[in-house]
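Assemble the whole structure, with the sequences as input and the hints as a guide.
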Amino acid sequence: MSAPPTAPPRLVVGIDLGTTNSLAAIRAGKVARVLRDRDGEALVPSVVCFHPDGRTLVGREAKRLRLTCPDRTVFSVKRLIGRSAAEVGAEAARLPYPVVAGERGLPRIRIGDATLSPEAISARILQQVKANAELALGQPVAAAVITVPAWFDDAQRQATKDAAALAGLDCLRILNEPTAAALAYGIDGSKDGTVLVYDLGGGTFDVSILRIDDGVFRVLATAGDTHLGGDDFDLLLADRILAALPGGGKAVDPFVLQAVRSAAEGLKIRLSDAVEAELTLDLGPRGTASLRVTRAEFEAAIAPLVQRTLDCVQRAVRDAGLRLDQIDETVLVGGSTRVPLVRERLRALLGRPPHTEVDPDLAVALGAAIQADVLAGNDRSLLLLDVIPLSLGIETLGGAVQKLILRNSTIPTSVTEEFSTGVDDQTAVELSIYQGERELARDCRLLGTFRLRGIPPLPAGLPRIAVTFLVDADGVLRVHAREQRTGVEAGIQVVPTYGLSREEVRAMMLDSIEHAQADYAAREAIELRNKAEAMVRGAQRALALAELPPDQTYAVHKAVKALERLLAGPTDAAALRAGCDAVTQATATIADDVISAAVTRALREEEGR
Amino acid sequence: MIHVPAPDPFTVFGLPRSLDVDERTLEARYLRLSRECHPDLHRASDTGDCIAVLQRSAEINDAWQVLRDPWRRARALLELLSPGVLDRTKKLDPAFLDEALELAEQVATAGAASAPALRARLQAALADDFAAVRADLQRGDHEAAARRLHASHYHRKALADLEAKS
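Just so you know, the protein sequences line up as chains A and B, in that order. Going by our numbering, the residue at position 493 of the first sequence is 493; the numbering climbs one at a time, nothing skipped. Every number in our numbering is 1000 more than the matching position in the second sequence, counting from 1.
One thing to keep in mind: the hints can contain errors.
Claimed, not checked - In silico DSBU-like pairs for lysine-lysine, Cα to Cα no more than 35 angstroms straight-line:
| # | chain 1 | residue 1 | chain 2 | residue 2 |
| --- | --- | --- | --- | --- |
| 1 | B | K1165 | B | K1090 |
| 2 | A | K30 | A | K191 |
| 3 | A | K531 | A | K561 |
| 4 | A | K561 | A | K403 |
| 5 | B | K1157 | B | K1090 |
| 6 | A | K403 | A | K558 |
| 7 | B | K1091 | B | K1165 |
| 8 | A | K403 | B | K1090 |
| 9 | A | K403 | A | K531 |
| 10 | A | K531 | A | K558 |
| 11 | B | K1165 | A | K531 |
| 12 | B | K1165 | A | K191 |
| 13 | A | K558 | B | K1165 |
| 14 | B | K1157 | B | K1091 |
| 15 | A | K403 | B | K1157 |
Keep in mind that the hints were calculated from the coordinates and are not lab data.
Shown next, in the form of structure tokens:
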């Protein structure tokens, strides 16, 4: 008898999918190492160039073409992924490639006649990293742990998973970047204690506090800003360069934007070593910029940004229930932590110099490789316990958000709430899920709308639908529902606000080009109508319950009437959306007028306790 | 919307129902349970019932969040000993509400000079609250314990607001 066949160890790599650079690493026999290409380079610039000759180039070659094809070379796409066109509007305007609002108001990158999603661009980068890894390992790679900023919300995580699927990678885990870095730092077993990871990358800032204890890496709290990074330092220098151009850089074209950004980045790097740097940027017919920048000037310009990161540090320490002097070590991650002012300010705040043994460019990928090894089943001595960065809640009457899962809860975590119907024989209930810390729905991010279908037709209030919200180990929300009396599992349809819908991912994976634009518009219109109708009913009920004097409710009545009139006519999506917003706004104002904010809060907490 | 209570955290952790829990025992048990049940370590052997593994892991994490916080632990214990008692005692004594509003006002206007004294006062008030809850529980007076728990919420809130300011 031959020995039972044993499956060959599965190759799972760790991938750091960065704003500026991406790379892969693997752990074999307790040693994690980054994977390098033929030229010995580990970092793949997160840049994709769609050359007019039809080639698509990724990485260093694409980066070199930034000035040749400025409007066809896409970089910093991580800043767009999982967000709406409106949210990224301001920074999209500063990008040399065109970003337009596509279906459902999502950002799309226009290259010639084609429009591409940020997910598709990220997928191209992942494919390149995967190809490099396969070359280095000499065998195919099918699965990966992919890192994201800890501060990424549900939509941004989901979008990253979609990008992995598009690249043909099985994403075993979405791992938080600072947690990955902590793994790389603390893996040797001699670093037990409380660690603060300060991760300032190209486009995002994260801070996480972890306790390392005998192989268990437990995140106590995390805070950050998905909108703050080395790119912002570059932009401040770019402004100086633009101002030094003839005409103050008023008439900017994609070529000038690319050239100025590249020059700004170089200037920043030089200012990390030198106390002053000179730059002459010759843009031929577009003019020449000559300037001298001292480190002191640069530091004065970036000081408010650095202060924002320190505010996050203090918040994370407080959320962890700790004092600054209880932090044993600080680990620096991300290329932007090379800026001297950052190190100086951190040292002043924490009273000791940060730990610098881990390479800030490689730590995240190495940590991801370690977690990949754990998930492949090769190492049972390590355990990671991470948290959800932002609270999750659902919208209640009046536009408030009731928190269901609080930020910094260890994941997986779940909560079950029971809902009922408001109308006889109602067979569907709609729930809007929000993520964020603010109290009003309009100040949080709408992650999506969950429609519970298949509720047995019963008198209003009788169905008892238990809805379980479960945040999995990726930090991604899963919802399931069950009617308690009949045991019927209610079907849930997820309509994500951001990122790709399930159908889109499927369609893109099948490479089907035909896109049923009309279907989308129709579905959107139906959903909008339903929402508007529900809003009219809800507002009327609230008005009846509130028993307010007419002068205070006039605006609400007016907004509701206007929405009713719109519903009576043919569907105009934009007008309906505006009508719904007007009702939300009007109802929120009466809540504010009638009860002071403090009492509202107290009441809500009474309910929540 | 009605909150559906999660599984009893004391049972999840195999601990006796008690207000006082040894923190070291609790943490050691949490880490042991996590190692036993975390989806990361059960992935390779996982034969499909992924949701069940996730749910179990979530139960452990959620029970841990409750048990490690003395106030949430007290609430969970009361609800177990006397289901519905927290709901029945929600109506606050108006005199107390006045005190709560006054505290909120003091926190809102506190400067660097007055903050330390206010912090010490709030900490002392919370210690009193907890001692009172413990005494009420020992006497078996669950209603009194629940009322005191509700009242302590305003002290905690004021303290949290004060810390958030600094």
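Checked hints:
1. For the hint linking B/K1165 to B/K1090, the alpha-carbon distance of about 29 angstroms falls within 35 angstroms, and the restraint holds.
2. Of the supplied pair hints, the one linking A/K30 and A/K191 holds, its CA atoms being roughly 17 angstroms apart against a limit of 35 angstroms.
3. Distance restraint check for A/K531 and A/K561: the Cα-Cα separation of roughly 15 angstroms lies within the 35 angstroms cut-off, and the hinted pair is therefore satisfied.
4. Among the hinted pairs, A/K561 with A/K403 is consistent with the structure: their alpha-carbon atoms are about 31 angstroms apart, no more than 35 angstroms.
5. The straight-line distance between the Cα atoms of B/K1157 and B/K1090 is roughly 16 angstroms, inside the 35 angstroms bound, and the hint therefore holds.
6. The straight-line distance between the Cα atoms of A/K403 and A/K558 is roughly 30 angstroms, inside the 35 angstroms bound, and the hint therefore holds.
7. Of the pairs offered as hints, the one joining B/K1091 and B/K1165 holds, with about 29 angstroms between alpha carbons and a cut-off of 35 angstroms not exceeded.
8. Distance restraint check for A/K403 and B/K1090: the Cα-Cα separation of roughly 20 angstroms lies within the 35 angstroms cut-off, and the hinted pair is therefore satisfied.
9. Simply put, A/K403 and A/K531 have alpha-carbon atoms about 21 angstroms apart, close enough for the 35 angstroms limit, and the pair holds.
10. For the hint linking A/K531 to A/K558, the alpha-carbon distance of about 18 angstroms falls within 35 angstroms, and the restraint holds.
11. Restraint check for B/K1165 and A/K531: the C-alpha separation of about 39 angstroms exceeds 35 angstroms, so the hint is violated.
12. Straight-line distance between C-alpha atoms of B/K1165 and A/K191 comes to about 33 angstroms, which keeps the hinted pair within the 35 angstroms bound.
13. A threshold of 35 angstroms between alpha carbons decides the hint, and for A/K558 with B/K1165 the separation of about 40 angstroms lies outside it, so the pair is violated.
14. Restraint check for B/K1157 and B/K1091: satisfied, since their Cα atoms lie roughly 18 angstroms apart, inside the 35 angstroms limit.
15. Restraint check: the Cα-Cα separation between A/K403 and B/K1157 comes to about 16 angstroms, which is no more than 35 angstroms; the hinted pair holds.
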